[in-house]
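Undergrad: Line order of the protein sequences matches chains A and B.
Residue 406 in the numbering used here sits at position 405 of the first sequence; the count goes up by one each step and never skips.
Residue 63 in the numbering used here sits at position 62 of the second sequence; the count goes up by one each step and never skips.
Fair warning: there could be bad hints in the mix.
Simulated pairs of lysine-lysine, BS3-like, Cα-Cα distance not exceeding 30 Å [what the hints assert, rightly or not]: (1) B:K182 / A:K28; (2) B:K3 / A:K24; (3) B:K3 / A:K118; (4) A:K280 / B:K383.
Derived by calculation from the structure, the hints in this document are not laboratory data.
2 protein chains.
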Amino acid sequence: MKTINIGILGYGVVGTGVAKLIKEKKKLLESRIGAYLNLKYIADIDTTTDRGLDIGDTILIADAKKVFSDPDIHIIVETIGGKTIAKDFILKALENGKHVVTANKALLADFGNELVKTARHNQVDLAFEASCGGCMPIIKSLRESLVANDIKSMSAILNGTCNFILTKISKDGSQFDDALKTAQELGYAEAEPSLDIDGHDTAHKLAILNSLAHGMEINLEDIHVEGIRNITPVDIEFARTFGYTIKLLAISKIHDDHVEARVHPTMIPKSNPLSHIDKSMNAVAIDADATGQTMLYGHGAGMMPTASAVLSDLADIARNIISQTKRRVPILGYPEDNIKKIPILSMKELYTRYYLRFDAKDHPGVLAKISGILGENNISIKSVHQKGRNSSGKVPVVMITHVAKEEWVQKALNEISTGKSILDRPVVIRIEETNQE
Amino acid sequence: MKTINIGILGYGVVGTGVAKLIKEKKKLLESRIGAYLNLKYIADIDTTTDRGLDIGDTILIADAKKVFSDPDIHIIVETIGGKTIAKDFILKALENGKHVVTANKALLADFGNELVKTARHNQVDLAFEASCGGCMPIIKSLRESLVANDIKSMSAILNGTCNFILTKISKDGSQFDDALKTAQELGYAEAEPSLDIDGHDTAHKLAILNSLAHGMEINLEDIHVEGIRNITPVDIEFARTFGYTIKLLAISKIHDDHVEARVHPTMIPKSNPLSHIDKSMNAVAIDADATGQTMLYGHGAGMMPTASAVLSDLADIARNIISQTKRRVPILGYPEDNIKKIPILSMKELYTRYYLRFDAKDHPGVLAKISGILGENNISIKSVHQKGRNSSGKVPVVMITHVAKEEWVQKALNEISTGKSILDRPVVIRIEETNQE
Numbered sequence: 002m003k004t005i006n007i008g009i010l011g012y013g014v015v016g017t018g019v020a021k022l023i024k025e026k027k028k029l030l031e032s033r034i035g036a037y038l039n040l041k042y043i044a045d046i047d048t049t050t051d052r053g054l055d056i057g058d059t060i061l062i063a064d065a066k067k068v069f070s071d072p073d074i075h076i077i078v079e080t081i082g083g084k085t086i087a088k089d090f091i092l093k094a095l096e097n098g099k100h101v102v103t104a105n106k107a108l109l110a111d112f113g114n115e116l117v118k119t120a121r122h123n124q125v126d127l128a129f130e131a132s133c134g135g136c137m138p139i140i141k142s143l144r145e146s147l148v149a150n151d152i153k154s155m156s157a158i159l160n161g162t163c164n165f166i167l168t169k170i171s172k173d174g175s176q177f178d179d180a181l182k183t184a185q186e187l188g189y190a191e192a193e194p195s196l197d198i199d200g201h202d203t204a205h206k207l208a209i210l211n212s213l214a215h216g217m218e219i220n221l222e223d224i225h226v227e228g229i230r231n232i233t234p235v236d237i238e239f240a241r242t243f244g245y246t247i248k249l250l251a252i253s254k255i256h257d258d259h260v261e262a263r264v265h266p267t268m269i270p271k272s273n274p275l276s277h278i279d280k281s282m283n284a285v286a287i288d289a290d291a292t293g294q295t296m297l298y299g300h301g302a303g304m305m306p307t308a309s310a311v312l313s314d315l316a317d318i319a320r321n322i323i324s325q326t327k328r329r330v331p332i333l334g335y336p337e338d339n340i341k342k343i344p345i346l347s348m349k350e351l352y353t354r355y356y357l358r359f360d361a362k363d364h365p366g367v368l369a370k371i372s373g374i375l376g377e378n379n380i381s382i383k384s385v386h387q388k389g390r391n392s393s394g395k396v397p398v399v400m401i402t403h404v405a406k407e408e409w410v411q412k413a414l415n416e417i418s419t420g421k422s423i424l425d426r427p428v429v430i431r432i433e434e435t436n437q438e
Numbered sequence: 002m003k004t005i006n007i008g009i010l011g012y013g014v015v016g017t018g019v020a021k022l023i024k025e026k027k028k029l030l031e032s033r034i035g036a037y038l039n040l041k042y043i044a045d046i047d048t049t050t051d052r053g054l055d056i057g058d059t060i061l062i063a064d065a066k067k068v069f070s071d072p073d074i075h076i077i078v079e080t081i082g083g084k085t086i087a088k089d090f091i092l093k094a095l096e097n098g099k100h101v102v103t104a105n106k107a108l109l110a111d112f113g114n115e116l117v118k119t120a121r122h123n124q125v126d127l128a129f130e131a132s133c134g135g136c137m138p139i140i141k142s143l144r145e146s147l148v149a150n151d152i153k154s155m156s157a158i159l160n161g162t163c164n165f166i167l168t169k170i171s172k173d174g175s176q177f178d179d180a181l182k183t184a185q186e187l188g189y190a191e192a193e194p195s196l197d198i199d200g201h202d203t204a205h206k207l208a209i210l211n212s213l214a215h216g217m218e219i220n221l222e223d224i225h226v227e228g229i230r231n232i233t234p235v236d237i238e239f240a241r242t243f244g245y246t247i248k249l250l251a252i253s254k255i256h257d258d259h260v261e262a263r264v265h266p267t268m269i270p271k272s273n274p275l276s277h278i279d280k281s282m283n284a285v286a287i288d289a290d291a292t293g294q295t296m297l298y299g300h301g302a303g304m305m306p307t308a309s310a311v312l313s314d315l316a317d318i319a320r321n322i323i324s325q326t327k328r329r330v331p332i333l334g335y336p337e338d339n340i341k342k343i344p345i346l347s348m349k350e351l352y353t354r355y356y357l358r359f360d361a362k363d364h365p366g367v368l369a370k371i372s373g374i375l376g377e378n379n380i381s382i383k384s385v386h387q388k389g390r391n392s393s394g395k396v397p398v399v400m401i402t403h404v405a406k407e408e409w410v411q412k413a414l415n416e417i418s419t420g421k422s423i424l425d426r427p428v429v430i431r432i433e434e435t436n437q438e
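Isolated chain A (complex conformation) (with noise of 0.2 Å):
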C-alpha cells in the first residue's frame, strides 16, 4: 500500500481533531482508502502544551517552513486561521508543489480566487469542505452532485453561535444580550463575538457557496451584511404571531445577469424546513432546477465535524494519487477558464417582503400617517397589527409589505422616522417566502 505523506499547519482544535482522527481511524481509513495516510508533522508555535494526544516525540515541531519544504510531504493541512501567516504558508505550500486543505472560509472569501490560480499554476489541489458547514458535504454537493442542476437559490443557516443565540431569545424570551452571555458560557460564542453575531462569518462562507453555485469568482465585498445584535424578544413574538421564525440567513439567488447575495436576520414561514434548525445546527437549502428543494443538515462546527470534512478532503486528494490523477474536479466546480465575474445585486435594487415595526407615539392619526407615507413610496401593506399601549406610553404598530423595493423601503423608513410621532428607528426584518414541494 501506498503511504500519503500529510503535515498539518496549526496544532489548536481543528488541527488536534484532524490529528485525532488520522491516529484513532488509522484503520478505517486504510481500509476504506486503501494507503496509509502517514501524519508526518504538525506544526505550531506552541510545541508544549498537552493536547491530550499521543502523536509520537518527533511530530510535534515549530518550524512551519520544515513541513511546506519537505519533498515527502504530499498535503498540507492548514488550520492556523486568519489571513496572514495563513495565507503565507498556503500559498508556499502550493508553489512548493503540495496539495492543501484549509478550513479558512475568511481566507478564502478574502483571496480564494488568489489562492485558486497559484493552486492552478503550479497543477496541485486546494480542497475546502470544512470551511463552511462543518461536517455537511455541501462543497462536494456543489461541485460533485449538483453538477447538471442550475442552481436558482440557496438558502442557509451557516454559523451555529447565531442560531444558538436566536434559538435562546426564542425559546426563553432573553433578550440578545443574555443570550450571547449563556452562548459564551456554554462555548457557542467567542470573548470576542462580532465576527459571528456581526454576520460576518455567515457572508465568508456564503462567499465560497455563491462562487461554487453559479461558477463565479469568489465576492465578498459586494454581499450586503447585518448580523442579529438587534433582534429582540418582542419581534421574534410578533414574528410568531404572523407564522414566522427569525433565522440569520445566507441568500443567494441567481437571475438573468446578475446575483442576489445577502446575510441578514429573516423571517421564514414554517413550512420552511430551515426554520426546524434549532440550537447550534446549520442547515443549507438549495432550491436548484432539476432536483427542486433539497437540504443538508449538520454541525457547523465544532473540532470532530470539522476535522470529519477535513479528512474528506484528504481521502479525496489520496484518491487522486493512489489513481495517479490530480485536480480531477476543479477547485470551484468549473475549469478556472470557465469562471465568471457575475455581479451582485446592490441592495437598493432588491425587492422582498419586510416585516416593519415601528415604536409610536399614542396620537390619532399616527397610522394613517406611517400608510401615508408607505403608499407614497409604493410599498403595500398586506397586514397590520397594533397592540395596546405598554407601559412607557408607546404603541408598537407592526406591519407585513407585499413585495416592495429596498431603495423605497429604506427612503419610505427614513421619512417616517423624522416624524414626530414615532420614537425609535423602526426595525425591519425581510421575509423570505419560500414554497416547499
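Following the hints, complete the assembly by docking chain B onto the known chain A.
TA: Showing chain B alone in chain A's frame:
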C-alpha cells in the same frame, strides 16, 4: 475536448429525464466537466411513443445489444428497472468493459454483490447514486464524505409514496385506503402499490445504504420489513397525544458483531428532524461518531430529481475518463477485499420501546389482565392511556413501554390476544427515541 459516449437502456420516465438533462444542460455540463457528453443511443422496445423530447432520428433504437456492444460507448445508463433483462444487460455491459450507471435498487439489493464482482473482474465502475433517496447525494456522502466516521446509526424516510400517505392520514384524518387512492390519483402511488406501501422498496434502499455505511456485503433477505397498510388515524392521533409522529423508517444500527436493519412504521418524537419531513419528501438522518447527527433531505423520486442523480454519476465517471483513471472510489466505499459479511440481528433479539394498542371489552379487570401478562414477560409500562368506551363498546387501551425485547413483546401479545377480553389483534408500533444535538 474529449467526447464521452453514453448509451441509455430504457426510455421510460427516468431514461427520458436523463436524456433531457444531457440535451438541455449540454452547455452547463461541458462548462463544468470539460468534456462533451454525447448521447449516442437510447434503446427501448417502444421506439414510437413520443416522449416529448427531440433527440434526433438515429438515437432511439430497439436493439439494446447494439448499445452495450458498441466499442465507442463509454458509459451505459440502465433505466429499465426490474431484475430480469436489466440484470442481463448490465452484466453484458460490464463484461464488455462499459461503466454502468443505474437507479435500479431492487436489482442492486438482490444481485448487487454479483454486479460488484463482475464490475471488479472487468475493471469498470458501477454507480448508483439515483438508487437511494433520489436526488440526495447519500451514496456519495457515505462513500466519500463520511470516510473517517464510524456510522453508528441511520434512520431514513426513503419512500415518497408511504410518506405522502402517512402525511395525508396525519393531516386530514383519512383512512389508509382513501389516502392511498388520493396518492394514486396524484401520481404518487402506482396502480399496484405493494412494492411501496408494504415497505419492500424502502428495504431495497436500506440494503444498499447498510452496505455502504458499514462496509458489508449487500444483504436484503435478513432485513425485517413491515409496511403501512395497518396504520390508522386512531394510532396517529394517539401518537400525537404522546408527542410522536408515525413515519415508515429504514433503521440501521451497528453493534459489536452485528447490525440492526429493519423497516417498519415507527413513532418518533418531534425533536427528531425526520418528524418534520412531510408529503412525498425523503430524508436520511445519520449519526456518525465524528460528525454527530447529520441529515440529507430532498425529493426521493420523480423524473428530474432521479435524472439529476444519474447525471452526477455520469459526471464522476466522465471526470475519471478525462483524468485517465477508473474505479477511483470503490463501488461499495471499501475495496472489494475489505468488504465484510456482517450478520443482521434477528428481529426477535431487538430491544426497543413499543406503542401497544388493545381494543378491549369494557370489563373490570381488563387493564389488570393486560398489565399482568406484560409484567410476567419483563415488559414494564412507561405510560397508559385509556379512553372512554367508543360506539362499538370497545375501550382502546394504549400503552407505551420501556425498552423491551421483541421476543418478549410478541410472546406477551400472543398471550393477551388469546384472552376473551381483547377483541382485535393488538396494534404494535415501535418507538425510536433519538437524541438530537
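Undergrad: State for each hint whether it applies.
TA: Results of checking the hints against the structure:
As the CA atoms of B:K182 and A:K28 are separated by approximately 51 Å, the hinted pair breaks the 30 Å bound. At most 30 Å may separate the alpha-carbon atoms for a hinted pair to count; B:K3 and A:K24 exceed this at roughly 41 Å. Using a Cα cut-off of 30 Å, the hinted pair B:K3 and A:K118 holds, with the two alpha carbons roughly 24 Å apart. Between A:K280 and B:K383, the direct Cα distance comes to roughly 29 Å. Compliance with the 30 Å bound is thereby established for this hinted pair.
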